[in-house]
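Listed in order, the protein sequences are those of chains A and B. For the first sequence, the positions run 1 to 116 when this note's numbering is used. For the second sequence, the positions run 1 to 113 when this note's numbering is used.
Honestly, the hints are just simulated from the structure, not real lab data. Predicted, not measured: the structure shown is a model, and the values here were computed from it. Positions of the beta carbon are idealized from the N, C-alpha and C atoms, including for glycine. Some hints here could point you the wrong way.
What the hints assert, rightly or not - Have a look at the derived ranges for each label pair, beta carbon to beta carbon:
#1 A/Thr80 / B/Pro81: 45 to 55 Å
#2 A/Val84 / B/Gln41: 24 to 34 Å
#3 B/Trp22 / A/Thr72: 20 to 30 Å
#4 A/Thr99 / B/Gly28: 40 to 50 Å
#5 B/Asp57 / A/Ile49: 20 to 30 Å
#6 B/Lys78 / A/Asn52: 27 to 37 Å
#7 A/Thr78 / B/Pro8: 32 to 42 Å
Residues per chain are reported as follows:
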Amino acid sequence: AQKVTQAQTEISVVEKEDVTLDCVYETRDTTYYLFWYKQPPSGELVFLIRRNSFDEQNEISGRYSWNFQKSTSSFNFTITASQVVDSAVYFCALSPGGTSYGKLTFGQGTILTVHP
Amino acid sequence: EAGVVQSPRYKIIEKKQPVAFWCNPISGHNTLYWYLQNLGQGPELLIRYENEEAVDDSQLPKDRFSAERLKGVDSTLKIQPAELGDSAVYLCASSLEYYNEQFFGPGTRLTVL
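I would like the entire structure built from these sequences, with the hints used as guidance.
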């Protein structure tokens, strides 16, 4: 069985602070994929990133960066110099590989509030 | 390009009534997903379609839930009869093929009184 745990239910920061959202996963698969999605108040989940289990390189995209560590089964997400527009619910998700790819298991989400 | 379209956006019904949700995926997307999202939780997959075939419906409560995607394009999810515990947001997503990124619609928020 697959499981994703986002231990931080809510995080509140002031604009320009850096913030890290934690994600820990469990899977018995050797091939799997990890995702982060953003859910603003409008409700639509917005895809942010996908990583496969064989690629532990960290990734940076503008103010966003991701740290994937198989040794600790973690896939953490950092927002640098946060902005009010970053306020949303963020979900980490896990998918098997192969023909079951796309069967996403989501964490419970972290509510991020960025105050001006 | 239009995103995933869902209707209605909001629905309030009394328990034991039937309800249906409609989803139109992004044009050309062959894979369609229905998810259930309870308040304060992440989405949970209910069913996945490859064209008109339901390839994974293991999480769909088949005693009261049904879904169809007759022509391999738009899809309908039905609940009959609805129960209080069905109050949630029902999300639809689509992807070009099952191995591609999923794009989500805005969801239908169902309230069962």
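Evaluation of the provided hints:
Look at A/Thr80 against B/Pro81: about 50 Å separates their beta carbons, and that is inside 45 to 55 Å. For A/Val84 and B/Gln41, the hinted distance range of 24 to 34 Å is satisfied, since their beta carbons lie about 25 Å from each other. Checked against the hint of 20 to 30 Å, the pair B/Trp22 and A/Thr72 fails, with Cβ atoms roughly 43 Å apart. The hint said 40 to 50 Å for the Cβ distance between A/Thr99 and B/Gly28, and at roughly 21 Å that hint is violated.
Roughly 29 Å separates the CB atoms of B/Asp57 and A/Ile49, a value that falls within the hinted 20 to 30 Å. One distance hint, 27 to 37 Å for the beta-carbon pair B/Lys78 and A/Asn52, holds here, with the actual separation near 36 Å. Hint check: A/Thr78 to B/Pro8, Cβ distance near 38 Å, so the stated range 32 to 42 Å holds.
Comparing the model with each earlier hint shows violations of hints 3 and 4; every other hint is respected.
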